[in-house]
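Could you put the whole structure together from the sequences, leaning on the hints where they help?
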Amino acid sequence: MGAALGSLDEILSSVDRLRRSITKKKSKQVTASEERTVVKAVSLSWFNTHRPILMALHDDALLQGVDRSFQDILESSDRATSRTRYGHELKVLRTNLLHLRSQAALLGNAADATALTTACAPDFSKLISDTGMQQILVRRWAESQKCLAGQAYLAATVMMGSLLEALLLARMNRLTEKSPAFGSKCAPKDKSGKTRPLQEWTLSSFIDVAHDLGWIRKAARDVGVVLRDYRNFIHPEKEFTHGVTLEENDARMFWVIFTQLCEQIVKS
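Under UniProt numbering, the first residue of the sequence shown carries the number 1, and numbering increases by one thereafter.
Treat the hints as calculated values from the structure; they're not laboratory data.
Where a beta carbon is used, it is the ideal one built from N, C-alpha and C, also for glycine.
Among the clues, some could well be false.
Stated by the list, open to error - Each pair of labels, with its calculated beta carbon distance range:
{"id": "1", "residue 1": "202", "residue 2": "17", "range": "23 to 31 Å"}
{"id": "2", "residue 1": "33", "residue 2": "13", "range": "21 to 29 Å"}
{"id": "3", "residue 1": "176", "residue 2": "123", "range": "20 to 28 Å"}
{"id": "4", "residue 1": "135", "residue 2": "29", "range": "56 to 64 Å"}
{"id": "5", "residue 1": "75", "residue 2": "238", "range": "30 to 38 Å"}
{"id": "6", "residue 1": "48", "residue 2": "139", "range": "43 to 51 Å"}
{"id": "7", "residue 1": "34", "residue 2": "139", "range": "53 to 61 Å"}
{"id": "8", "residue 1": "17", "residue 2": "79", "range": "18 to 26 Å"}
{"id": "9", "residue 1": "67", "residue 2": "202", "range": "29 to 37 Å"}
{"id": "10", "residue 1": "217", "residue 2": "55", "range": "21 to 29 Å"}
{"id": "11", "residue 1": "179", "residue 2": "202", "range": "15 to 23 Å"}
{"id": "12", "residue 1": "67", "residue 2": "13", "range": "18 to 26 Å"}
{"id": "13", "residue 1": "135", "residue 2": "60", "range": "40 to 48 Å"}
{"id": "14", "residue 1": "183", "residue 2": "245", "range": "39 to 47 Å"}
Unchecked claim - Here are the computed lysine-lysine pairs in the DSS-like style, where the Cα-Cα straight-line distance is at most 30 Å:
{"id": "15", "residue 1": "25", "residue 2": "189"}
{"id": "16", "residue 1": "24", "residue 2": "185"}
{"id": "17", "residue 1": "238", "residue 2": "218"}
{"id": "18", "residue 1": "126", "residue 2": "178"}
{"id": "19", "residue 1": "91", "residue 2": "24"}
{"id": "20", "residue 1": "28", "residue 2": "185"}
Shown next as structure tokens:
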């Protein structure tokens, strides 16, 4: 599944570059032949290069959704099209590609579902010197695995989110000089423009700053954001409003990304 992940990373980068290129210009429509040629090239690269590599994912609905988006973008490149429309299509497309990447990661790292729930916790001593806190994190790691094995998928996701936030906070506290973190463009600001204290940071802020400082890779950051969003369904009202139900594949996908993020944070 390494080829699929590499292919998805490549097309995600192409979509990101295309989106930045299109949205940064001030004209309302994309009319220049050079721009339209780039749009067409990115779309055709999906169908001719990347799509065949991803057949093993067996997620027809998601693949077809990506196909439709690229087809719409390809057809739009034959005529003048508004930058707003391109921006919307590329945003939706990027979200679907991230979901595809999650599926590829799940298949590549979890062919044996049992292995997911028996993996040992990382060596937290590399990040945290206090043995009491190390034991707490190990217990939470084990509890997340028990939730997965016991089909308590929402509980597992909430546990993963809380453990991830604890690791990121510990990594921040390890900095002898915190100015890089507090000076990051991703650090949360109050109304006066001053960076908020760490106690007021959300999981989203920690993930964004960790990526900005090079602690976690972009692909893991992007899917980690999805984990963050699902973790918020700990609030019944949000689960009800969004009409989302966490299923086994969702939770196991999150576990794969969660373990990758933990490994990257500890090694950083």
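Hints, one by one, checked against the model:
Here the CB-CB span from residue 202 to residue 17 is close to 28 Å, well matched to the stated 23 to 31 Å. In this structure the supplied range 21 to 29 Å holds for residue 33 paired with residue 13, their Cβ-Cβ distance being about 24 Å. For the hinted restraint 20 to 28 Å between residue 176 and residue 123, the CB-CB distance of approximately 21 Å keeps it satisfied. Range check, residue 135 to residue 29: about 60 Å between beta-carbon atoms, so the 56 to 64 Å window is met.
At roughly 37 Å, the beta carbons of residue 75 and residue 238 sit within the given window of 30 to 38 Å. Our hint of 43 to 51 Å for residue 48 and residue 139 holds, since their Cβ atoms are close to 50 Å apart. At roughly 57 Å, the beta carbons of residue 34 and residue 139 sit within the given window of 53 to 61 Å. Under the hint 18 to 26 Å, the C-beta atoms of residue 17 and residue 79, about 22 Å apart, fit the expected range.
One distance hint, 29 to 37 Å for the beta-carbon pair residue 67 and residue 202, holds here, with the actual separation near 35 Å. Distance hint for residue 217 and residue 55: a CB-CB separation of about 26 Å, consistent with the stated range 21 to 29 Å. Taken as a hint, the range 15 to 23 Å holds for the pair residue 179 and residue 202, whose Cβ atoms sit roughly 21 Å apart. Under the hint 18 to 26 Å, the C-beta atoms of residue 67 and residue 13, about 19 Å apart, fit the expected range.
Restraint check, residue 135 to residue 60: a C-beta distance of roughly 45 Å satisfies the suggested window 40 to 48 Å. Remark: the range hint 39 to 47 Å for residue 183 to residue 245 is upheld by a beta-carbon distance near 41 Å. Restraint check for residue 25 and residue 189: satisfied, since their Cα atoms lie roughly 28 Å apart, inside the 30 Å limit. Using a Cα cut-off of 30 Å, the hinted pair residue 24 and residue 185 holds, with the two alpha carbons roughly 19 Å apart.
A distance of roughly 27 Å separates the Cα atoms of residue 238 and residue 218; the hinted pair therefore holds under the 30 Å criterion. Restraint check for residue 126 and residue 178: the C-alpha separation of about 19 Å stays at or below 30 Å, so the hint holds. Between residue 91 and residue 24 the CA atoms are separated by roughly 15 Å; this keeps the pair inside 30 Å, and the hint holds. A C-alpha spacing of about 28 Å is found between residue 28 and residue 185, which places the hinted pair at or below 30 Å, so the restraint holds.
In terms of the numbered hints stated before, the structure departs from none.
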